[in-house]
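Heads up: the sequence lines are chains D and V, in that order. First residue of the first sequence: 1, per our numbering; consecutive thereafter. First residue of the second sequence: 1, per our numbering; consecutive thereafter.
The hints are simulated quantities; they were obtained by calculation from the structure and are not laboratory data. All C-beta atoms in this analysis are idealised placements derived from N, C-alpha and C, irrespective of residue type, glycine included. Just so you know, not all the hints are guaranteed correct.
Distance windows between CB atoms, simulated [unchecked claim]:
no., chain 1, residue 1, chain 2, residue 2, range
1, D, N308, V, T136, 41 to 47 Å
2, D, L179, V, D41, 27 to 33 Å
3, D, G147, V, R73, 29 to 35 Å
4, V, S79, D, D282, 21 to 27 Å
5, D, R231, V, Q96, 25 to 31 Å
6, D, A169, V, A32, 25 to 31 Å
7, D, A325, V, T119, 38 to 44 Å
8, D, L179, V, Y132, 28 to 34 Å
Cross-link-like lysine-lysine pairs, in silico, DSBU-like; alpha carbons within 30 Å at most [what the hints assert, rightly or not]:
no., chain 1, residue 1, chain 2, residue 2
9, V, K37, D, K181
10, D, K16, V, K8
11, V, K5, D, K181
12, V, K37, V, K5
13, D, K16, V, K5
14, D, K296, D, K136
15, D, K203, V, K8
16, V, K37, D, K136
17, D, K296, V, K37
18, D, K181, D, K203
19, D, K181, D, K16
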Amino acid sequence: MPIPAYTPLGTTFARKDPLGPATLNQLQRNAEAIDEMWRVEHFADGAHNALEVPWVMGRVTDGATPTGALFDTAFGGSTFTRPATGEYTVDVVSGVVTSDSSSRLLYAAMANVYDNAIEAKPHTITVEAVSATSFKFRVRSLSSALGAGDTWADVNRNFSIGLHAPPQAGEVSLLSSYLDKTRGSFLTDEATDWNALVGNHGKVRAASLLEHNSSGGHAVTRIAKGMGIFRWDGSSYTIDASSRVSSVAQVSTGVVEVTMADTFFLASVMACFPEAQPSTPDELVITNGKPYTATKFRFYTYAFDGTNWAAADRSFSSAMFGVLA
Amino acid sequence: MSYVKLPKTTQDHPIGYQSVNQARDNDAALYAQLDVKHSVDFAAVGSLFRAPGRHDDPLIARSVLRCSVETSRAVPTLSPIVSGPVFGRLVFTRIQQGQWRIFIATPQLFFAVALCESTAAVDRKATAYRTYDPATGPAVIVTTWEQDAGSWTPTDLDFSLVVWCETNPA
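Only chain D is shown next, with the shape it has when bound in the complex (with noise of 0.2 Å):
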């Protein structure tokens, strides 16, 4: 069904002007056609509910049981192992990620390995869908010195994880119905008069602010607080394209310090997912990144030159999540 158009209502109304059927009607028309714009990839209840946001996303402390934050348990995110070295299970809600006619999962994922270990070596981290409701993740490092050789080993690692998957199935309305007025009509108390009206802005009201704020902005720890892309020019790093980063800064050859514009409100609830740009398509880097202080993320950026690691700057890109102070 479409959504109704939306139409403003310009009138300012003075003492003893008539109010008039079609202005109250009109008021019932927006209060639906906004409801329908949340419930495109939002839940009835204001929840987001789109293939874009992640279902689950967070970061895990590594640990004989590991630990999480970030996440919303709604979701999944609450129940880690550590089954091996380097190799974790991360748990999802049954439901939020469901299967193909050929039984192929239906999900897509991101990870990045965030551990203090990252300013030393390279990391790798991949993923592996067990199930519907639960997901690998494996982590390994270069276990040569940089600049000596290309061994790698399964390490236990801090990382942090997000995971798509493809909106559930719709809900519909939680609006009151409302009895159109015609001329003559009156207002009362009936359920399905004025009330109808206050009562459903409240609903569309309380929708838009479980997972956003009063200006519209997201408040959720799913949706990102800042993203950026970060051009190399051979001798300086400068923001390509970006919203809530500040500026972007080179420490030192491979080292590169981002700051936001908001600060968080604290370093262990923040979460990154860079990728580097490589020189050409055939060049193999890797970039980890990590949350440095409540208002910066660091990067790492190696390169490989097919016998060996080096730390190198590349132009790169990332997505920062967290929560704002």
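Use these hints to put chain V onto chain D, whose structure you have.
Here is chain V on its own, set in the frame of chain D:
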């Protein structure tokens, strides 16, 4: 225009022009709040990216894919298991083993985050190289690498790709 909760009426509570004005302001405030991070463009009904209600926020990924290598044919092909919201607009071409050109449906600056799948502890890494071809437009070249006997080689592997873009594609 700020939102102010209006009381429900009772028999003894009159509704006058001030109540209706506040209801109008509330209506406008709810619309403005939605407009901040979502499309309200009724001229874009049917658009993959800009239809009313769709997110319009650089802090939310624009496209999400899970790609699987299909090896049943003589030349492997890439099959999107999950693909949105650019379903039907993405074109994949195979450059060589383990390397794919994926055309992105946006003229804007974008970046893509790639992640390899693996069912065992092996050395795998996906790289994403942004490029632009005047004839075909923007694309990302994804290379999926696997280390075998001390050599990193482009290898056909399943991977995820999450695409971010500063502004919403048309």
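Practice problem: Starting from K37(V), check that the Cα of K181(D) is at most 30 Å away, please. | Solution: violated, 33 Å
Quiz item: Do L179(D) and D41(V) keep their Cβ atoms within the hinted range of 27 to 33 Å?
Solution: holds, 31 Å
Quiz item: In this structure, is the beta-carbon distance linking S79(V) and D282(D) contained in 21 to 27 Å?
Solution: The hint (21 to 27 Å, Cβ to Cβ) holds, given that S79(V) and D282(D) are roughly 24 Å apart.
Quiz prompt | Given pair status - K16(D), K181(D), alpha carbons within 30 Å | solution = This hinted pair holds, its Cα atoms lying about 19 Å apart.
Quiz item: Falls inside 29 to 35 Å, the C-beta gap from G147(D) to R73(V)?
Solution: Violated, at about 42 Å.
Quiz item: Quick one, are K296(D) and K136(D) close enough, alpha carbons at most 30 Å?
Solution: holds, 29 Å
Quiz item: Cβ-Cβ distance between R231(D) and Q96(V): within 25 to 31 Å?
Solution: holds, 27 Å
Self-check item: L179(D) versus Y132(V) beta-carbon gap, inside 28 to 34 Å or not
Solution: violated, 57 Å
Exercise. Mind checking the hinted window 38 to 44 Å against the Cβ distance between A325(D) and T119(V)?
Key: At 41 Å between Cβs, range holds.
Quiz item: K181(D) and K203(D): Cα distance at most 30 Å?
Solution: Status holds; Cα separation ~21 Å.
Quiz prompt | 30 Å limit on alpha-carbon distance, applied to hinted pair K16(D) and K8(V) | solution = holds, 22 Å
Quiz item: Falls inside 41 to 47 Å, the C-beta gap from N308(D) to T136(V)?
Solution: Given a distance of about 36 Å, which is not inside 41 to 47 Å, the answer is violated.
Violation of the numbered hints given earlier is confined to hints 1, 3, 8, 9, 16; the remaining hints are satisfied by the structure.
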